[in-house]
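Single-letter residue listing:
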Amino acid sequence: MKYLGIEPKRPRIAVFDFTGCEGCELQLANKEETLAEFLRAVHIVDFREISSADEGACDLALIEGAVTRADEADRLRAIRARTKVLVALGSCACFGGVNRLKNRCDPDEANREVYGDKPKETLPARAVKELVPVDLEIPGCPVSKAELERIIQHVIWEVPYKPPAYPVCLECKQRYLVCRFEHGQLCLGSITRGGCNAPCPAGGLGCWGCRGPAADPNYDEFLALARARGFGEREISERISFFGAFEVGL
Amino acid sequence: MKINLDVDVHHLTRVEGHGNIRVSVREGEVREARWDVVETPRFFEVMLKGKHYSTAPILAARICGICSIGHCLAGLRATEAAFGVAVPEAAHKLRLLAKHGETLQSHFLHLFFLAAPDFLGLPSVLPLLESRPEVVDLARRLKAAGNRICEVVAGRATHPVSLQAGGVAAPPPRETLLGLGDELRRSLVDLGAAAELIATFKIPDFERETEFVSLKGGGEYPWIGGRLISSDGIERAENDYLAMTNEYVDARNTSKWCRLSRPSFAVGPLARFNNHHRLLHPEAARLASAFGLAAVCHNPFMSHVARLVECVHVTYEALRLLEELAQAGPVETMAPVLPRAGHGVGAVEVPRGILYHYYEYDAEGYVARADCVIPTTQNNANIHLDLPALAKRFARDGMSDAELTLLCSMLVRSYDPCISCSVH
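Top line first, the protein sequences correspond to chains A and B.
In terms of this note's numbering, the first sequence opens at residue 1 and continues consecutively.
In terms of this note's numbering, the second sequence opens at residue 1001 and continues consecutively.
A couple of the hints might just be wrong.
[Claimed, not checked] Derived DSBU-like pairs: lysine-lysine, alpha-carbon spacing no greater than 35 Å straight-line:
hint : chain 1 : residue 1 : chain 2 : residue 2
1    : B       : K1216     : A       : K118
2    : B       : K1002     : A       : K118
3    : B       : K1093     : A       : K118
4    : A       : K120      : B       : K1202
5    : A       : K118      : A       : K84
6    : A       : K129      : B       : K1049
7    : B       : K1392     : A       : K84
8    : A       : K120      : B       : K1093
9    : B       : K1392     : A       : K31
10   : B       : K1049     : B       : K1202
11   : A       : K173      : B       : K1392
None of these hints come from the bench; they were simulated from the model.
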């Protein structure tokens, strides 16, 4: 795609899916108002969900999903070995995501409950960085396509992308939204990394912390506030552990 | 006859999730024909246990990145049935509107991005960016209209936020609803262009008789809740979904399989069309007959046409709902929720067919047991049994492995399987 007659470098992108809902890779085909521009700005060489083509080596390998089986671990290591830059795309890849909730259950019992006497192979859910080195993390459930577009622009500019250090709380206030605690809801916005533009508080839901911890989060103040507003330990712990982001994110 | 053909597809492309196809034809006889789901097991039913009712539908949405609104709505319906919550009329309409938005984005994603490349002889939609940018533009606009409805009503296109137990937490203001109506009216023109494109697709001539299962429509083409029916004459209450699904575990598949009156049955747009074509909007019915889609259709490849027909129906329905909601003005969209011990079922027609969530709650409103039956789980056996029939119908002298591989892949894609969803 040329602008003013100049052809920019198009990063070669591959997308690989592991254990997850494939909602993050779907975001690559969303935000339709800039979809054609986005698809022309990159060269998609491998993306099983939308393409049967495999056009060889990539600059950026986007990894979606957590790792929950031995064949996935092998596949991930093989991708790492042939990839310059490996990106964890979404909360499952960055932290294990909701898949991590199963690690709290006994795997044999879980298997019996779902598959009866025909158990299936499964391992505790792990984030990508627990198996191979990760060059860049893009958290979110799902990821923000706008943030992904910004990151691609930085790659083309050859300027490092710095994710926001501030929490979701700040973006929520920038949108003049009333604090979810004032609506009687629990909200992790004060300790969660911003960059999503607070879609959950805007939609009437407290933050669930899908993007992981903001820089230097003040957990003590958050816990004091949540308790003062009448939230119990079970509710707070259920929320904090939801995406595995606060266990793995720091 | 010396017809020997092999199909070995490992991780089929242009579908959601990981599945394999194997077909072997020796001397004209189909020796083996298999559809296997090899997705990693995810254990959502186990993870849902112990979750608060305000968390459960949010977790359930994460089963699927394409039909997260459908999963959330099924979870909410199960929860509200368990607690005896009556959702306000306006909230029900908003939820239906969000569901229509999801149907549009999912069906157009499938038609243009996943299915169309097969009929245009391309590996993906991406080469069209250069060769036929007007087609990508059309796909982009139609899919955007669906996602825009979801964003306005559910707060986000993937993993909704404002659909909550009791109703809809952040109803859109009147001017937003009116603006959305203006945007959606443009889709009516675009749908005509999409129909022209899809009319050029050469639909394989293949039939295998099967049973079709869907929600039962009363006065309307059904989407959320109600009785369950099959084309073989079975009718059950929503609560009796287990009698309709009969899940069982196959040793080679991480997704379960289902059966009803026959070894397999089908759910999805073709099942809904076959069971309820009389309830379609007149423009949708007109389009169906222009494409030669008539009930009862047993050609799975005609699902693509049924998807387009549903898009027309749903666009008119969404316009009607937007009109009614805008006229009603600001009304209550949240009912109070008081947890109590009990259980409930939520049956919802999501893009790929009927979806069931069952939750059992303790007195404090925490999930004691959960069960989810996914459309693709219900379609697995039907896909599996279509494959040998397809190979038998099309295997001929001089055919290459690649030709049969393409046909088999197209067959599986015609069901638009949501595989990681099926291995929830």
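Quick rundown of the hints versus the structure:
no.: 1; hint: K1216(B) / K118(A); result: holds, 34 Å
no.: 2; hint: K1002(B) / K118(A); result: violated, 39 Å
no.: 3; hint: K1093(B) / K118(A); result: violated, 42 Å
no.: 4; hint: K120(A) / K1202(B); result: violated, 40 Å
no.: 5; hint: K118(A) / K84(A); result: violated, 40 Å
no.: 6; hint: K129(A) / K1049(B); result: holds, 28 Å
no.: 7; hint: K1392(B) / K84(A); result: violated, 46 Å
no.: 8; hint: K120(A) / K1093(B); result: violated, 41 Å
no.: 9; hint: K1392(B) / K31(A); result: violated, 43 Å
no.: 10; hint: K1049(B) / K1202(B); result: violated, 47 Å
no.: 11; hint: K173(A) / K1392(B); result: violated, 64 Å
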